[in-house]
Amino acid sequence: MRVEVHIDPDCREPRVTITAPILTDEIRDLAARLEGGGGLTGWRGETAVPLREEAILRCFAQDKGVKAQTAEGVYDLRERLYELEARLDRHTFVRISHSEIVNLRKVTALDLSLTGTIKMTLAEGVVCYVSRRYVKKIKEALEL
Amino acid sequence: MSAGQKSWIVRILAGGLAGAGLAGAGYRPLFIGGFSAPPLCGALIQSCGILGAVAVTLALFFAFGAAVGVATLPFEGEGRSVLLRSGLHFLVTAGLLGAILRVCLGVAWRYLPGWLALLGAIYLVVWLGRWVGWYAEVRQLRSALGLEAGPSPLRWRESLPYLPVLLLVNAVLPAVLALLDAPDVPVLRALLIPCLLLPLGGFFPALSLGKRQGVCLLYPAASLLIFLPASLWVYGGQRIPLFWGIALACPLAGNLVGAAWRRRKERRRPQWNGCC
Numbered sequence: 001m002r003v004e005v006h007i008d009p010d011c012r013e014p015r016v017t018i019t020a021p022i023l024t025d026e027i028r029d030l031a032a033r034l035e036g037g038g039g040l041t042g043w044r045g046e047t048a049v050p051l052r053e054e055a056i057l058r059c060f061a062q063d064k065g066v067k068a069q070t071a072e073g074v075y076d077l078r079e080r081l082y083e084l085e086a087r088l089d090r091h092t093f094v095r096i097s098h099s100e101i102v103n104l105r106k107v108t109a110l111d112l113s114l115t116g117t118i119k120m121t122l123a124e125g126v127v128c129y130v131s132r133r134y135v136k137k138i139k140e141a142l143e144l
Numbered sequence: 001m002s003a004g005q006k007s008w009i010v011r012i013l014a015g016g017l018a019g020a021g022l023a024g025a026g027y028r029p030l031f032i033g034g035f036s037a038p039p040l041c042g043a044l045i046q047s048c049g050i051l052g053a054v055a056v057t058l059a060l061f062f063a064f065g066a067a068v069g070v071a072t073l074p075f076e077g078e079g080r081s082v083l084l085r086s087g088l089h090f091l092v093t094a095g096l097l098g099a100i101l102r103v104c105l106g107v108a109w110r111y112l113p114g115w116l117a118l119l120g121a122i123y124l125v126v127w128l129g130r131w132v133g134w135y136a137e138v139r140q141l142r143s144a145l146g147l148e149a150g151p152s153p154l155r156w157r158e159s160l161p162y163l164p165v166l167l168l169v170n171a172v173l174p175a176v177l178a179l180l181d182a183p184d185v186p187v188l189r190a191l192l193i194p195c196l197l198l199p200l201g202g203f204f205p206a207l208s209l210g211k212r213q214g215v216c217l218l219y220p221a222a223s224l225l226i227f228l229p230a231s232l233w234v235y236g237g238q239r240i241p242l243f244w245g246i247a248l249a250c251p252l253a254g255n256l257v258g259a260a261w262r263r264r265k266e267r268r269r270p271q272w273n274g275c276c
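Residue numbers (the working numbering), protein chains in the order written: chain H, 1 to 144; chain Z, 1 to 276.
These aren't lab readings, by the way, just hints derived from the structure by calculation.
Note that CB positions come from ideal geometry on N, CA and C, so glycine has one too.
A portion of the hints provided could be inaccurate.
Calculated pairs, DSBU-like style, for lysine-lysine (alpha carbon to alpha carbon, straight line, at most 30 Å) [claimed, not checked]:
#, chain 1, residue 1, chain 2, residue 2
1, Z, LYS6, H, LYS67
2, Z, LYS265, H, LYS67
3, H, LYS139, Z, LYS6
Here chain H is said to cover these stretches of chain Z; the calculated rule only asks that three of the stretch's residues, wherever they fall, bring their Cβ under 8 Å from a Cβ of chain H [to be verified]:
#, region
4, 79 to 85
5, 136 to 147
To give an idea of the interface, some chain H residues facing chain Z are shown, with a C-beta separation under 10 Å as derived from the structure [what the hints assert, rightly or not]:
#, residue
6, MET1
7, ARG2
8, GLU4
9, HIS6
10, THR24
11, ILE27
12, ARG28
13, LEU30
14, ARG105
15, ALA109
16, ILE118
17, TYR129
18, SER131
19, LEU142
20, LEU144
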């Protein structure tokens with residue numbers, strides 16, 4: 001894809017025009033991502049839904065795919081978890097296990113079991129488990 | 001070879017060689033004896049000769065050293081796997097220690113449980129040390145995330161409201177029953193306390209605690225600690241381990257049942273899964 005940037009001092013707000021021979025999923029994804037600002041594009045079948053970062057509870061791997069969960073529902077993502085990790089705000093979104101990234105702003109409770117398992121409760125009562133190997137990453141994100 | 005496998009091998013070799021070195025350093029008391037004392041491995045030497053005894057002793061000390069060398073590895077990770085791995089490591093280490101004590105050092109069978117209890121206590125301290133570290137970490141995370149502080153360590157504070165019940169069941173009531181009991185036929189002390197008061201009075205309050213707060217292991221420990229001195233007074237200085245066991249086991253069972261009930265209830269609570 002060729003990207004051209006034109007600087008025009010008379011332009012009041014940035015404008016993006018996509019020129020393509022045909023409307024494909026990639027183009028829809030790109031458009032949704034540009035419209036959604038710093039968010040992601042969730043998919044429900046062929047429908048692209050812009051997901052704002054602050055609305056995302058967690059992103060997780062399931063059935064060989066990656067999904068994002070918000071208060072409204074679960075959406076398929078086209079990105080891999082490591083791509084999301086690089087793309088999302090690293091102080092807000094942290095990997096807590098091999099297959100899960102959570103939004104730290106949505107954490108409502110942390111519970112420690114006698115065997116060292118950390119149960120993390122997110123908004124909407126979503127429960128996930130922190131792998132001990134990733135505790136260091138959470139501390140880094142929180143600058144501890 | 002992965003870094004983990006390399007770490008296991010290095011620790012096994014280092015620990016094993018240290019163990020064998022220890023046996024080598026103590027060769028005189030082990031295989032020769034001194035002054036009028038016979039060698040500690042006397043029985044082993046008699047049964048398989050001096051070379052056999054040396055080989056068996058070195059092998060056992062090497063294996064025990066190796067087990068000690070890898071002692072921290074089974075505690076890595078979390079959840080059920082830690083329980084399984086550390087439990088398995090305890091069994092292996094206890095077996096090796098028992099074999100060294102019995103076969104090499106000729107320690108009588110009756111002293112083995114005491115030694116193994118000491119090993120168990122070391123495991124408990126290691127586990128507790130790790131748990132305290134985890135607790136401090138989670139507390140730090142809670143604070144950084146602006147969450148409530150959460151339950152106290154081992155839920156001691158949450159167990160406190162149940163302490164008066166323990167005092168009543170394990171100390172006050174047995175003392176009153178002892179005063180009321182007939183001196184010739186001590187039915188209250190012999191039957192009522194161990195068969196009714198301790199089991200029911202231990203189980204049901206602990207069940208309630210487990211339902212409300214989850215696993216609180218300090219509660220059964222406190223039950224035993226309160227009953228021990230009370231029982232010595234009630235039973236005129238007699239030590240009755242069976243009754244001590246009841247004072248520990250019934251609150252433990254009640255608490256675990258209550259905690260399981262609570263966990264089941266939490267799992268059954270309809271959880272939002274995000275599907276529309």
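Hint check:
1. LYS6(Z) - LYS67(H): violated (37 Å)
2. LYS265(Z) - LYS67(H): holds (28 Å)
3. LYS139(H) - LYS6(Z): holds (28 Å)
4. 79 to 85: holds (count 4)
5. 136 to 147: Coverage by chain H holds here, the residue count being 8 at a Cβ distance below 8 Å.
6. MET1: Violated. Min distance 33 Å.
7. ARG2: Hint on ARG2(H): violated, closest Cβ of chain Z at ~38 Å, above 10 Å.
8. GLU4: Constraint on GLU4(H) not satisfied, violated at 40 Å.
9. HIS6: Hint violated; HIS6(H) Cβ to chain Z Cβ min 41 Å, cut 10 Å.
10. THR24: Nearest chain Z Cβ about 26 Å off; hint violated.
11. ILE27: violated (26 Å)
12. ARG28: Since chain Z brings no Cβ nearer than about 21 Å to ARG28(H), farther than 10 Å, the hint is violated.
13. LEU30: The hint is violated - LEU30(H) has no Cβ within 10 Å of chain Z, the shortest such distance being about 26 Å.
14. ARG105: holds (9 Å)
15. ALA109: holds (6 Å)
16. ILE118: holds (6 Å)
17. TYR129: holds (8 Å)
18. SER131: holds (7 Å)
19. LEU142: Interface hint status for LEU142(H): holds (4 Å vs cutoff 10 Å).
20. LEU144: At 6 Å from the nearest chain Z Cβ, LEU144(H) passes the 10 Å test, so the hint holds.
Of the numbered hints stated above, those contradicted by the structure are hints 1, 6, 7, 8, 9, 10, 11, 12 and 13, listed in ascending order.
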